[in-house]
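K.L.:
As a plain string of letters, each chain reads:
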Amino acid sequence: MFFESKNVTIKFGGLVANNDVSIAIEKGQIMGLIGPNGAGKSTFFKACNGFNIPTSGEVWFEGKKISGQSTWETCADGVTSTFQLAETFPAITVLETVLVGAYCRVKTDKEAHDIAYESLAFMNLTDEQHMRNNQLNLYTRKRVEICAALATQPKLLLLDEIFAGCTLSEDEELIELIRRLNAERGITIFLVEHVLKVVHELCDQVVVLVHGEVIATGTPAEVTKLPAVITAYLGEDNNNA
Amino acid sequence: MYLKAVTFNKKLIITICVVAVMLLVFPHIQFGLSDYVLSVLTQALLFIYLANSWNILSGFTGMFSLGHASFFGIGAYACAIMTVQVALPGLGDVQRYMLGIAAGIVLSMILAFVVGWIATKLKGLFFAMTTLAMAEVLRTFSLQAKFTNGNLGIIIPPSLSVGPMASYYIILAMCGLAFLFTWHLKNSRTGRMLISIRENENLAASLGVNVTKWIYVSVFISALLATLGGAYYPLYLSHIEPTATFDYSITMQMMIVCIAGGKGSVLGPVLGGVAILLNEAIRATLTKFSGGATSYASIAGLLYGIVLLLIILFMPDGLISLRSSIRKFRDDRRKKQKEALAKANAKIS
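If you're matching them up, the sequences are chains G and E in order.
The first sequence lines up with residues 296 to 536 when you count with this note's numbering.
The second sequence lines up with residues 84 to 432 when you count with this note's numbering.
For the record, the hints were derived by calculation from the structure and aren't laboratory data.
A few of these clues could be false.
[Said to hold, decoys possible] For lysine-lysine, the following DSS-like pairs were computed, each having C-alpha atoms within a straight-line distance of at most 30 angstroms:
no. : chain 1 : residue 1 : chain 2 : residue 2
1   : E       : K269      : G       : K402
2   : G       : K405      : E       : K269
3   : E       : K411      : E       : K430
4   : E       : K296      : G       : K402
5   : E       : K426      : E       : K411
6   : E       : K206      : G       : K402
7   : G       : K306      : E       : K206
8   : G       : K360      : E       : K204
9   : G       : K405      : E       : K93
10  : G       : K359      : E       : K204
11  : E       : K204      : E       : K269
12  : G       : K405      : E       : K94
13  : E       : K296      : G       : K405
14  : E       : K94       : E       : K418
15  : G       : K359      : E       : K296
16  : G       : K402      : E       : K204
17  : G       : K306      : E       : K204
18  : E       : K421      : E       : K411
19  : E       : K419      : E       : K94
20  : E       : K94       : E       : K269
21  : G       : K450      : G       : K359
22  : G       : K360      : E       : K296
23  : G       : K450      : G       : K492
24  : E       : K296      : G       : K450
25  : G       : K520      : G       : K492
26  : E       : K93       : G       : K402
27  : G       : K520      : G       : K301
28  : E       : K411      : E       : K94
Produce the complete structure using the sequences and hints provided.
P.N.:
Structure follows, in structure tokens:
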């Protein structure tokens, strides 16, 4: 299996954030992870990229166990993630940010710059390359973050609520971008998302996480019809009415 | 395009060359000034050099060290002890001094390893307080220990003394090398890794930066520079004592020079050297006014403090931010002139 989580359980003291989560992703897929607030989506993501260590269970990527190792090792293995809150390096320029990502694979200045310029061009950020990150708006910051992640040349990209806080037209652009990443670069995408419209348009497969447990897996159309998913999103009363 | 991104502009390079030449020929044409000016310049250069070292750990990597004097002190004491206190028959003073440098580097690297370990565990204020405690422990130790000769310190044999002129040139060369090194570092892979840790550790880690490793690297580089600065000290002063090496005021001076100039920038520490010169200038002027009496001179510190306060208040990024302010002012004025011209032209037509 390309990417697989095996019975991942994460507890914070007595609180069970993820319970027995098993998810498998095939190479080239766009996989979605949905669920109401507090379902444990970001917690699970952080177990995949090394910020959290599962209490039990394992995460495997291309035949290697990646849970429990450091974030930078996971990145070196080909799994790069972006953050929910569009993290940046505030005081340095866009180009310098992307360069940090580029140095993940190469050692020399020349190669790193080549990769950085190419990634910037792919993300349509060439004009902004000399701007400082704290001068950018949220949408551009998000694109810079994806661009830096792209410069690390990942095989699997974990996008945590990349659409949060974007306008409708920005949504459209981002969807197009993620499709291009998937189609032209062959990067497998795993994304957490709240906006169901985006999930419908983008994802091949969807996993629904509620109260830390997987309650459904399937195509977006199948999953959103299931009564359990509707209950989880809209509540009990809605079903009775 | 790639080269453009990593080099300074022409004007700046010319400025740097002019300043370098001026500093080089200065001791020969002192305009009838006393050795005092030369010694002030030497001191300023020493702290510019040390500020460079502090800048790498605190300005680039963002680990705020309050204990940099410990590396400086280890360098100075290792040389002094090896030259004076240890019996090494058959070796000349210079050879002993060289051995001292080596011993200082080894000891410093051991301490740097500990500091690096602390840096990976503690952040911000906690790291700062721990390093401060470390320096204070070393100061107290050097005050009490027998082989450091307590608070009397160690007197360096005259055979090592190189004279004011040579010591000026040595520290000038060290400063130049440190400057070139930092310049290169900032635009290298290492520099970018260090800065990314300062900016956002989590994001850096998720982009494949081995945060632990690079923190160690920055502590090692920074400690090495500070130790070499300490090793220079016995050449400059003939007397090594705890209050002039491990003292908190030494770290303070490095920080003032670096922060007043602009931490995290290559030119920052160099510009910050002005702070030291300013301090001396105020002191000298006040002493002159008071006719050699110390009554007026005692407020020199007060004035110096006020000036530093103003720098920090109005230029939080240090004197280096003057550069962008001037650039902005110039651009704005050009823009206004252009607009006025366009208006005038429109009126005529």
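K.L.:
Taking the hints in turn, state whether each one holds.
P.N.:
Hint check results:
{"no.": "1", "hint": "K269(E) to K402(G)", "verdict": "holds, 15 angstroms"}
{"no.": "2", "hint": "K405(G) to K269(E)", "verdict": "holds, 15 angstroms"}
{"no.": "3", "hint": "K411(E) to K430(E)", "verdict": "holds, 29 angstroms"}
{"no.": "4", "hint": "K296(E) to K402(G)", "verdict": "holds, 15 angstroms"}
{"no.": "5", "hint": "K426(E) to K411(E)", "verdict": "holds, 22 angstroms"}
{"no.": "6", "hint": "K206(E) to K402(G)", "verdict": "holds, 28 angstroms"}
{"no.": "7", "hint": "K306(G) to K206(E)", "verdict": "holds, 26 angstroms"}
{"no.": "8", "hint": "K360(G) to K204(E)", "verdict": "holds, 26 angstroms"}
{"no.": "9", "hint": "K405(G) to K93(E)", "verdict": "holds, 22 angstroms"}
{"no.": "10", "hint": "K359(G) to K204(E)", "verdict": "holds, 28 angstroms"}
{"no.": "11", "hint": "K204(E) to K269(E)", "verdict": "holds, 25 angstroms"}
{"no.": "12", "hint": "K405(G) to K94(E)", "verdict": "holds, 25 angstroms"}
{"no.": "13", "hint": "K296(E) to K405(G)", "verdict": "holds, 23 angstroms"}
{"no.": "14", "hint": "K94(E) to K418(E)", "verdict": "holds, 22 angstroms"}
{"no.": "15", "hint": "K359(G) to K296(E)", "verdict": "holds, 23 angstroms"}
{"no.": "16", "hint": "K402(G) to K204(E)", "verdict": "holds, 27 angstroms"}
{"no.": "17", "hint": "K306(G) to K204(E)", "verdict": "holds, 23 angstroms"}
{"no.": "18", "hint": "K421(E) to K411(E)", "verdict": "holds, 15 angstroms"}
{"no.": "19", "hint": "K419(E) to K94(E)", "verdict": "holds, 24 angstroms"}
{"no.": "20", "hint": "K94(E) to K269(E)", "verdict": "holds, 20 angstroms"}
{"no.": "21", "hint": "K450(G) to K359(G)", "verdict": "holds, 14 angstroms"}
{"no.": "22", "hint": "K360(G) to K296(E)", "verdict": "holds, 22 angstroms"}
{"no.": "23", "hint": "K450(G) to K492(G)", "verdict": "holds, 25 angstroms"}
{"no.": "24", "hint": "K296(E) to K450(G)", "verdict": "holds, 24 angstroms"}
{"no.": "25", "hint": "K520(G) to K492(G)", "verdict": "holds, 14 angstroms"}
{"no.": "26", "hint": "K93(E) to K402(G)", "verdict": "holds, 28 angstroms"}
{"no.": "27", "hint": "K520(G) to K301(G)", "verdict": "holds, 26 angstroms"}
{"no.": "28", "hint": "K411(E) to K94(E)", "verdict": "holds, 17 angstroms"}
Of the hints listed earlier, there is not a single one the structure fails to meet.
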